[in-house]
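Participant: Starting from the known structure of chain A, fit chains B and C onto it as the hints suggest.
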Amino acid sequence: MTAEKAGYEEFEKWESSILKKTLERFPEQKAEFTTGSWIPVERIYYPAEGEPQRYVEKLGFPGQYPFTRGVQPTMYRGRFWTMRQYAGFGTAEESNQRYKYLLGQGQTGLSVAFDLPTQIGYDSSDPVSEGEVGKVGVAIDTLKDMEILFDGIPLDKVSTSMTINAPAPVLLAFYIAVAEKQGVTRQQLRGTIQNDILKEYIARGTYIFPPGHSIRLITNIFEYCAQEVPNWNTISISGYHIREAGSSAVQEVAFTIADGIEYVKAALKAGLDIDDFAGQLSFFFNAYNDLFEEIAKFRAARRIWARIMRDKFHAKKDKSMMLRFHTQTGGSTLTAQQPDNNIARVTIQTLAAVLGGTQSLHTNSRDEALGLPTEGAVRIALRTQQIVAHESGVTNSIDPLAGSYFVEKLTDTIEEQVWNYLNKIEQMGGMVRAIEHGFIQKEIQDSAYKYQREIESGERVVVGVNKYTVREEGVKDILKVNPELRNIQMRKIEEIKRTRDNRAVEEKLLAIREGAGNENVNLMPAIIEAVREYATLGEICNVLRGVFGEYQESIVL
Amino acid sequence: MTEKIRILVAKPGLDGHDRGAKYVARALKDAGYEVIYTGIRQTPEAIVKTAIQEDVNFVGLSLLSGAHNELFPRIAELLRKEGADDVILFGGGVIPEDDIPFLKAKGIEAIFTPGTPIRKVIDFIEANKQRVSR
Amino acid sequence: MTELAQKILAGNTRSIARAISHVENDREGREALIDELYPHCGKAIVWGITGPPGAGKSSLVDRLIERLRTRGKSVAVIAVDPSSPFTGGALLGDRLRMQKHAVDDGVFIRSMASRGHLGGLAGATADALRIFDAAGFDYILVETIGVGQTEIEIMGLSDIVLLVLVPGAGDEIQALKAGVMEIGDIFIINKRDLDGADKLRVQVEYVLGIKFAEQSDQMNPILMTSAINDEGVDDLMDSIGEYVERMKASGKLANRREQRLQDEIKTILSAKIFAAFHDFMQMNGEIDTLVQEIVHDKQKPYALINAKIDGFIKEMHTK
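Order-wise, the sequence lines are chains A, B and C.
Here the first sequence is numbered in the working numbering, starting from 1 and rising by one per residue.
Here the second sequence is numbered in the working numbering, starting from 558 and rising by one per residue.
Here the third sequence is numbered in the working numbering, starting from 692 and rising by one per residue.
Isolated chain A (complex conformation) (with noise of 0.2 Å):
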């Protein structure tokens, strides 16, 4: 094992020296050591040469090309982070209540879980939904859930994002609709939406219809936002699920980068100009356990986003090249085993997100492996990041690590190995093609049963579960979802459809199956109109996928 041997005779006497000595006494405890996502850890790093030369080609300042360091020029010393905690439950009055309670808390922003019938654009009535209604996020079927959502809520002052992505459009114009009673202008909308259909693909699984129709959903997101929602973010292309799904760092960075490569070339083949929406992308990562390998993973990928945008798209904006990101601490690194270890863990992984210079985070709460959060454990969670904030001292300066060698060293190589990612896709064809032929699967499985084994084996210690461990108390305070609430919410949806004017949702319903079938035609404004009518998700979805089908999954194993 050598670290880079810059011609420092000096590093070669102490090696043969005073560590041989130690080493012969005192063996360290692994023969190899390695990041979480398996990239060789060495005993020290030191400078390579030339190393003052290349600072500005590789770090530059914050807010400055290529962005290692940055987006901002003053970080958090402008602003902290949005602290933006992922909340959604049961009916909308009850997420409501819970929003108004976090914002009441301390937090910045609003983020929006829908329920799984919600997200794969099923109404509460549909038969799919038995068992599903308003467990992980709130039930929405209408414009009158998504009112009640945000009563007493004001949309000009508080941004919001929502994780949605195969029926996007039509969340977007509830949001939109809402906005309109409240009389605020959607050139003061404020917030993202998440509109990342490829990693459902991959990771997540609420697709409903085939790529290529999503991916013209996507952009026409794209278009509608940037001309009449400038503030919106389009798109948060998603690494966290990925992560979620057992892929390493790398992998992490360089699918969720490929998957934007994607969706910029559709836009442009669509026929918008790159600096028109480009700055309107955002992502979002997950930040894992190993300290220092999301610091340098964050940083790596700014750096080659950056490099991508200006020498493959030709952008010319800086605002186009600057990967924004939300972080969300990892939920599967939490366990259900002495659950108030997991405060800890997502202590270390806020830090990381922060020193990684993150524009938004979430923490996950104590009781993650066990359930939906309780009031008492997202404050918790809450407060991990508002003493990150407050008392930890590390938002003084920006990127406090950048020369550390460690870090500058792995944010290398986390680059070098996305890239070569990145060529690979490219000779595949791209994103799609690499999906289709399950390539992105397998490596994501590869690497998520080697870590599982791992943990098996006990060569992965995760404290509490396979070292440390106690005879479990149960634990108590779970949050439990109402199993009424479908009853409640097709009640809801019978009251809608005897009130509201059903020639006119018919009429609407039929213009966005006329504009479907046209692929030059943007959806996004019929949808808003057949919204204000009250036409359900269910409704709007039904017409689509009469035109585009549904997509059908053929995994690799």
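All clues stand as given, with none of them false.
Just the calculated beta-carbon pair ranges, DEER-fashion:
no. : chain 1 : residue 1 : chain 2 : residue 2 : range
1   : C       : E719      : A       : N487      : 49 to 55 Å
2   : A       : G474      : B       : Q687      : 31 to 37 Å
3   : C       : G887      : A       : R310      : 28 to 34 Å
4   : A       : E426      : C       : E955      : 49 to 55 Å
5   : A       : R310      : C       : G797      : 54 to 60 Å
6   : A       : G546      : C       : G827      : 33 to 39 Å
7   : B       : D643      : C       : Q697      : 16 to 22 Å
According to the in silico footprint, chain B covers these stretches of chain A (three or more CB under 8 Å from chain B):
no. : segment
8   : 335-342
9   : 446-455
10  : 477-483
If you're looking for bench data, these hints aren't it; they were derived computationally from the structure.
All residues carry an ideal CB built from backbone N, CA and C; glycine is no exception.
Facilitator: Okay, now just chains B and C, sitting in the frame of chain A:
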């Protein structure tokens, strides 16, 4: 010829988190069983029909979306209705301890919660395999 | 007639499934069951679908099922995957791509693992085919990965073999064992939107051209499809239909089936005779003695072996 144990690993409902199910499927194959994996978004009816066509001895259900109290018993009931209640059911995912007695009463014989080593699942299968009907 | 056989003839799903397990595991009563079902066989048409991994066979089978169901036909599918030679286990994931048919009573999908039985699997599959045939399915689709001897034997069970290839895998055709190209009736280039599809087509035409040098008007059909995008499938269905009609008209179908039966009978006969002989030898500890004499005592191998066989035949006579 040796008899093989056949196991169906299934994900009922709308939940798309399949990392655990895929790991279990692969690990059970490594343990020498024949494993049929049918992917995400399976209705209870599809799972039961599949179990019968494939004449499996065990069905393992994976669910992280909280719909287990509705969907797991439904599957147990359908298996009974189709005269296939000799199939042994087990489950895993995000399932609170409190719900386990209810699920067991409905016919799901074991629930493996997060962090359970795969060894426990294999032990369960080995302990119950002589019960399978032929 | 046994209750099980009656239920199979009536199309009872659970009985069909249970019977297939019986034959897979070679349980007692298997032979008697097949004897009972045999007179009721012969109606189903068997399509074999094979090709290298990643060719998209299962997605294609999914489309074929769709088409057959639109025509009101019942379909049984046997999807064969390899068992791990190390652990004996298997991960059977082919049916995932056809799973939308899971609740259609007119479709029966069964996944089978090779279980390391060279040739033996072909036996179990042949019996499973008979069970489906007797149960009244119009079509039986058998899907395997076409890379080994066992898979070639399984394809031998089919009335018509669809060989599915995919562009971009390098020297596609050389990579396949010669036997596989030989047995194909219809050649399908799937994922036709990928680079290299046309080049692959030319390669296939070339190889087939050599095969049919003398009878160039009898070339097998070559079709281009994209199963995921549902393209080329209707043409494929037409092509299969025509090909099978031609086989029926020319008597080729009947010949093939008879040839297959002959091969099967011979295989079963040899297997049983060998098994009986083996038992005989094992019971008397004869095999070990034989090996000792040949290896260590350097006695004449053929003379000894022939003497043993003579001894066996005499023994059989006296029984």
